[in-house]
Amino acid sequence: MTEEIMALCRAMGATEDQEGLLLPLAQASAQALERRLKPGTSPGLCGPAFPLAAAMLAMDGLERAVGSGRVSSFTAGEVSIRMGGTAGEGGLTATAERLLAPWLGETGFAFRGVRG
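Heads up: the sequence shown is residues 24 to 139, going by this note's numbering.
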């Protein structure tokens with residue numbers, strides 16, 4: 024599965040010189056997602072959603088580690104330039120979680136009953 028995740032990362036723009044960092048990120052992402060699956064659910068039951076979600080997590084981790092180099096905001100008056108991508112906004116991690124939502128156990132959201 025790691026090779027499939029790495030291939031998806033390359034399709035999302037990862038380069039060969041990033042593979043030394045990307046490989047452990049891909050492995051850790053797959054392990055982290057697998058631990059969050061509902062009991063009795065395996066990565067194989069998620070179909071192509073699992074490796075894609077793992078690749079998204081790995082790419083988000085890579086962006087956080089090395090930076091994207093993209094300008095996310097620019098102001099001309101009193102010059103202000105912000106570099107970065109979507110990592111701070113949830114970006115690929117949030118998308119990966121939405122993609123795997125049907126198979127994930129706890130997602131950090133719960134309804135609470137209120138006595139009336």
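Read the hints as simulated data drawn from the structure, not as lab findings.
Using N, Cα and C, we set each Cβ at its ideal position, and we do this for glycine too.
Be aware that a few hints might be false.
Per label pair, the in silico range of CB-to-CB distance [said to hold, decoys possible]: (1) G136 / E42: 46 to 52 Å; (2) V137 / A51: 35 to 41 Å; (3) E42 / A117: 50 to 56 Å; (4) K61 / R33: 28 to 34 Å; (5) R138 / T25: 46 to 52 Å; (6) E129 / R33: 28 to 34 Å; (7) G67 / A88: 26 to 32 Å.
Against the structure, the hints come out as follows:
no.: 1; hint: G136 / E42: 46 to 52 Å; result: holds (49 Å)
no.: 2; hint: V137 / A51: 35 to 41 Å; result: holds (38 Å)
no.: 3; hint: E42 / A117: 50 to 56 Å; result: violated (25 Å)
no.: 4; hint: K61 / R33: 28 to 34 Å; result: holds (30 Å)
no.: 5; hint: R138 / T25: 46 to 52 Å; result: holds (49 Å)
no.: 6; hint: E129 / R33: 28 to 34 Å; result: holds (31 Å)
no.: 7; hint: G67 / A88: 26 to 32 Å; result: holds (29 Å)
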